[in-house]
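**Q** Residue numbers (our numbering), protein chains in the order written: chain A, 1 to 114; chain B, 1 to 112.
FYI, nobody ran anything at the bench for these hints, they're computed from the structure. Quantities reported herein were computed from a predicted structural model and do not represent experimental measurements. Note that beta-carbon positions come from the ideal geometry of N, C-alpha and C, so glycine has one too. Don't take each hint at face value.
Stated by the list, open to error - Heads up, simulated SDA-like pairs for lysine to any residue below, C-alpha to C-alpha not over 25 Å straight-line: (1) 44(B) to 79(A); (2) 100(B) to 52(A); (3) 100(B) to 15(A).
Stated by the list, open to error - Derived DEER-like restraints, expressed as beta-carbon distance ranges: (4) 112(B) to 14(A): 24 to 30 Å; (5) 56(A) to 105(B): 27 to 33 Å; (6) 53(A) to 105(B): 38 to 44 Å; (7) 8(A) to 110(B): 36 to 42 Å; (8) 112(B) to 113(A): 19 to 25 Å; (9) 114(A) to 5(B): 34 to 40 Å; (10) 38(B) to 111(A): 34 to 40 Å; (11) 79(B) to 77(A): 24 to 30 Å; (12) 5(A) to 69(B): 47 to 53 Å; (13) 84(A) to 39(B): 36 to 42 Å.
What follows is the residue order along each chain.
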Amino acid sequence: AQSVTQLGSHVSVSEGALVLLRCNYSSSVPPYLFWYVQYPNQGLQLLLKYTTGATLVKGINGFEAEFKKSETSFHLTKPSAHMSDAAEYFCAVSDRTNAGKSTFGDGTTLTVKP
Amino acid sequence: NAGVTQTPKFRILKIGQSMTLQCTQDMNHNYMYWYRQDPGMGLKLIYYSVGAGITDKGEVPNGYNVSRSTTEDFPLRLELAAPSQTSVYFCASSYSQLEKLFFGSGTQLSVL
């Protein structure tokens with residue numbers, strides 16, 4: 001069985017500050033990991049994904065995430081927050097034992113203060 | 001480039017009514033999914049399909065039904081609406097398993 005835990009349902013940062021959104025996963029086999037972003041009244045959009053290979057993954061809008069197997073983590077970071085980054089962020093895990101179905105975390109709402 | 005299209009965007013139902021949420025995609029994706037999103041919660045998988053004619057239950061299938069007669073369409077049916085089904089419903093599709101999901105813009109459903 002696979003699961004995802006996002007630490008912190010709400011994160012608030014100042015514009016220009018580092019963004020760090022935490023995600024820990026559980027999977028019995030090598031996982032595929034995703035970060036999605038949801039803007040108000042919209043569906044989710046993919047930010048980045050990890051499958052195999054390089055553990056540091058770069059995504060859109062300056063976000064990146066690092067897969068750390070020893071810590072079962074896939075934290076999302078961005079060096080400098082922008083007002084437009086305010087949204088809800090979801091971490092998701094998928095693996096080949098579950099017909100590729102994704103399991104989502106409960107989400108983290110990011111607020112960016114001017 | 002339409003992507004995944006869901007209709008309606010909003011709906012209010014009375015307890016016991018039935019309705020169908022429509023979902024269509026124009027990307028020729030084999031995999032399609034229905035999720036529900038409750039406030040402060042992540043997405044829970046209701047049903048999914050790996051191709052036309054093939055459907056299977058997700059985490060929370062009770063009270064729902066689906067069909068997949070074509071590659072493009074994956075409607076979700078609520079037969080006897082209950083207040084517990086008040087939620088935002090998202091349809092998604094992917095090219096293959098383990099690939100990224102493309103989401104529709106959602107249907108906000110209230111059952112009163």
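**Q** For the hint 19 to 25 Å, verify it against the beta carbon of residue 112(B) and that of residue 113(A).
**A** Violated, at about 37 Å.
**Q** Determine whether the Cβ-Cβ distance between residue 112(B) and residue 14(A) falls within the hinted range of 24 to 30 Å.
**A** 41 Å Cβ-Cβ, so the 24 to 30 Å window is violated.
**Q** What's the verdict on residue 100(B) and residue 15(A), does the C-alpha distance respect the 25 Å limit or exceed it?
**A** violated (29 Å)
**Q** Starting from the hint 36 to 42 Å, judge whether the C-beta atoms of residue 8(A) and residue 110(B) obey it.
**A** violated (29 Å)
**Q** Confirm or reject the claim that residue 114(A) and residue 5(B) have a C-beta distance inside 34 to 40 Å.
**A** Given a distance of about 36 Å, which is inside 34 to 40 Å, the answer is holds.
**Q** Check the following: the C-beta atoms of residue 56(A) and residue 105(B) are separated by a distance inside 27 to 33 Å.
**A** Holds, since residue 56(A) and residue 105(B) (Cβ atoms, about 32 Å apart) stay within the stated range.
**Q** Quick one: are residue 5(A) and residue 69(B) within 47 to 53 Å, going by C-beta?
**A** violated (38 Å)
**Q** Given the hint that residue 100(B) pairs with residue 52(A), does the C-alpha gap stay at or below 25 Å?
**A** holds (14 Å)
**Q** Under the criterion that the straight-line Cα-Cα distance not exceed 25 Å, is the pair residue 44(B), residue 79(A) satisfied?
**A** Violated. Residue 44(B) to residue 79(A) sits at ~31 Å, over the 25 Å cutoff.
**Q** Just to be sure I understand the hint, the distance between the Cβ atoms of residue 84(A) and residue 39(B) should be within 36 to 42 Å; is that true here?
**A** For residue 84(A) and residue 39(B) the Cβ distance comes to about 23 Å; the hint is violated.
**Q** Between the beta carbons of residue 79(B) and residue 77(A), is the distance compatible with 24 to 30 Å?
**A** violated (45 Å)
**Q** Taking 38 to 44 Å as the stated bounds, is the beta-carbon spacing between residue 53(A) and residue 105(B) within them?
**A** With Cβ atoms ~33 Å apart, the hint is violated.
Consistency note: the structure conflicts with the earlier hints numbered 1, 3, 4, 6, 7, 8, 10, 11, 12 and 13.
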